[in-house]
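Asks: Given the coordinates of chain W, assemble chains S, Z and H onto it according to the supplied hints.
So the chains spell out like this:
Protein chains: 4
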Amino acid sequence: MSDATTTVAELRQIIADFVAERDWSQFHAPKNVSMALAIEAAELMEHFQWLTTEASRELPNDPAKLAEVGEELADVIGYSFALANELGIDVSSAIRAKMVKNAEKYPAEKYRGRYERPKN
Amino acid sequence: MSDATTTVAELRQIIADFVAERDWSQFHAPKNVSMALAIEAAELMEHFQWLTTEASRELPNDPAKLAEVGEELADVIGYSFALANELGIDVSSAIRAKMVKNAEKYPAEKYRGRYERPKN
Amino acid sequence: MSDATTTVAELRQIIADFVAERDWSQFHAPKNVSMALAIEAAELMEHFQWLTTEASRELPNDPAKLAEVGEELADVIGYSFALANELGIDVSSAIRAKMVKNAEKYPAEKYRGRYERPKN
Amino acid sequence: MSDATTTVAELRQIIADFVAERDWSQFHAPKNVSMALAIEAAELMEHFQWLTTEASRELPNDPAKLAEVGEELADVIGYSFALANELGIDVSSAIRAKMVKNAEKYPAEKYRGRYERPKN
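Residue numbers (the working numbering), protein chains in the order written: chain W, 1 to 120; chain S, 121 to 240; chain Z, 241 to 360; chain H, 361 to 480.
A couple of the hints might just be wrong.
[Claimed, not checked] Pairs of lysine to any residue, SDA-like flavour, derived with a Cα cap of 20 Å:
(1) 185/S - 205/S
(2) 461/H - 303/Z
(3) 345/Z - 327/Z
(4) 345/Z - 388/H
(5) 338/Z - 327/Z
(6) 98/W - 221/S
(7) 65/W - 205/S
(8) 345/Z - 380/H
(9) 461/H - 445/H
(10) 185/S - 170/S
(11) 465/H - 449/H
(12) 221/S - 205/S
(13) 221/S - 1/W
(14) 230/S - 28/W
(15) 341/Z - 354/Z
(16) 470/H - 460/H
(17) 341/Z - 325/Z
(18) 185/S - 355/Z
(19) 341/Z - 428/H
(20) 425/H - 329/Z
(21) 98/W - 133/S
[Unchecked claim] Restraint ranges, calculated between C-beta atoms of paired labels, are given here:
(22) 253/Z - 229/S: 35 to 43 Å
(23) 61/W - 305/Z: 35 to 43 Å
(24) 64/W - 229/S: 27 to 35 Å
(25) 361/H - 20/W: 55 to 63 Å
Quick caveat, the hints were computed from the structure, so don't treat them as lab data. Predicted, not measured: the structure shown is a model, and the values here were computed from it. Note that beta-carbon positions come from the ideal geometry of N, C-alpha and C, so glycine has one too.
Next comes chain W alone, as it looks inside the complex (with noise of 0.2 Å):
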């Protein structure tokens, strides 16, 4: 039941179950589910919001926040894989595309420890 071996849609079914148990697909229009993904977004944020960078490595040596942490993350993608659903994207294809698109994007030996982006 970890990553290893769940897919990526039986986790989009677990969302999709929950939304229409409650018959809240009327509201989980597009532009309504990249709010609240946003919203959750700000709320994980919050976590690292008064920390140095370098403090917040430290995070998972605390196990309460740990877990606080990981609860608002399950929030964010589980409000990416709602907007999935609502709009029929599929989730692997669009990341192995885009990941491909980085790497053009970002070529490993050009990019190696440099955090500076390309203009777009």
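Replies: Relative to the frame of chain W, chains S, Z and H by itself:
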């Protein structure tokens, strides 16, 4: 290679390899990744910003726009997995646990067709 | 004491005093304040998340909700001023300069009643 | 024409005129403006995304980057005023009232030099 046959771990590995090949883990402090995630969520939202709620449901009828939204969604989920990688969170377990909690917070019979959420 | 008689500098000073009295400037690195600002913007957005676009126009008819939104808006502008304070930016000059640029980018005769924005 | 001599109402009027000249009020439903505001806040945050907390304090030493950040901040405050215009909120009163509340929530003597915030 679709969601039906792709495990979460496989997608996480694609992201982990991309980061490792560029030696970008040094920039992937959880604080920074949480910001990147929120920024990508905002870019996704941008596609729906000036549409009415109802018009946003028609987006799948425009293949070019759907492809653009798919790319942004890939970025959001990609950074979500990057954060899970940095923090050592099992995404499938986190989502299953959170959805159990959500089901207790929003019993189906009580919240069917209602968007009001209980105050924290 | 209303917007008609209050200068931007007066509001900025209220924020500066609040931060100084708590010795919070040590936490107010621009990176952190930019995160706080984005988080407050998300909390503001939360009030409109599940409303249709048109229903959101009716919010001023509900004084209790309007007051809540006013508090969130105060937080957003407050952190905006906190960032201006940390960076030494004159807000009035920045807004005037940006609006001149916006007027060139969106000539009134061309963009009247159109929401499509030019690609960057 | 600086913050010392510019009233909030004057800046709000610049925004109101810009919107009126383009007949954009039809797109400025509060829901949409709240999204625009969150998107601009994310664009502002983008400038600090890969910097360490401490490095972000050095930004004012780079005039080109400071100008870019000033433009993004102008966008954030501009949309904040656009929302205040649509909803009929007096910004100065809202900020003063919220800062009184904040002063009660974070008494200076108790929160001096501490970033932990009380749970809601």
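Asks: All hints are to be evaluated individually against the structure, with a verdict given for each.
Replies: Verification of the supplied hints:
Between residue 185/S and residue 205/S the CA atoms are separated by roughly 30 Å; this puts the pair beyond 20 Å, and the hint is violated. Restraint check for residue 461/H and residue 303/Z: the C-alpha separation of about 19 Å stays at or below 20 Å, so the hint holds. About 27 Å separates the Cα atoms of residue 345/Z and residue 327/Z, which puts this hinted pair outside 20 Å; it is violated. For the suggested pair residue 345/Z and residue 388/H, the alpha carbons sit about 19 Å apart, so the restraint of at most 20 Å is met.
Between residue 338/Z and residue 327/Z, the direct Cα distance comes to roughly 17 Å. Compliance with the 20 Å bound is thereby established for this hinted pair. The straight-line distance between the Cα atoms of residue 98/W and residue 221/S is roughly 33 Å, outside the 20 Å bound, and the hint therefore fails. About 16 Å separates the Cα atoms of residue 65/W and residue 205/S, which keeps this hinted pair within 20 Å; it holds. The hinted pair formed by residue 345/Z and residue 380/H meets the criterion: a straight-line CA distance of about 16 Å does not exceed 20 Å.
Our distance criterion of 20 Å between C-alpha atoms is broken by residue 461/H and residue 445/H, whose separation comes to about 24 Å. For the given pair, residue 185/S sits about 14 Å from residue 170/S by alpha-carbon distance, which is consistent with the 20 Å threshold. Among the hinted pairs, residue 465/H with residue 449/H is inconsistent with the structure: their alpha-carbon atoms are about 23 Å apart, more than 20 Å. The suggested pairing of residue 221/S with residue 205/S is violated, with an alpha-carbon distance near 24 Å, which exceeds 20 Å.
Among the hinted pairs, residue 221/S with residue 1/W is consistent with the structure: their alpha-carbon atoms are about 17 Å apart, no more than 20 Å. For the given pair, residue 230/S sits about 18 Å from residue 28/W by alpha-carbon distance, which is consistent with the 20 Å threshold. With a C-alpha separation of about 18 Å, the suggested pair residue 341/Z and residue 354/Z falls inside the 20 Å cut-off, and the hint holds. For the suggested pair residue 470/H and residue 460/H, the alpha carbons sit about 16 Å apart, so the restraint of at most 20 Å is met.
For the hint linking residue 341/Z to residue 325/Z, the alpha-carbon distance of about 24 Å lies beyond 20 Å, and the restraint is violated. Annotation: proposed proximity of residue 185/S to residue 355/Z holds, straight-line Cα distance about 16 Å (limit 20 Å). The suggested pairing of residue 341/Z with residue 428/H holds, with an alpha-carbon distance near 13 Å, which does not exceed 20 Å. Restraint check for residue 425/H and residue 329/Z: the C-alpha separation of about 12 Å stays at or below 20 Å, so the hint holds.
At most 20 Å may separate the alpha-carbon atoms for a hinted pair to count; residue 98/W and residue 133/S meet this at roughly 14 Å. Residue 253/Z and residue 229/S have their C-beta atoms about 53 Å apart, which leaves the hinted 35 to 43 Å range violated. For residue 61/W and residue 305/Z, the Cβ-Cβ distance of about 41 Å falls inside the hinted range of 35 to 43 Å, so the restraint holds. At about 32 Å, the CB distance of residue 64/W to residue 229/S agrees with the hint of 27 to 35 Å.
Between residue 361/H and residue 20/W, the C-beta spacing of about 57 Å keeps the proposed range 55 to 63 Å intact.
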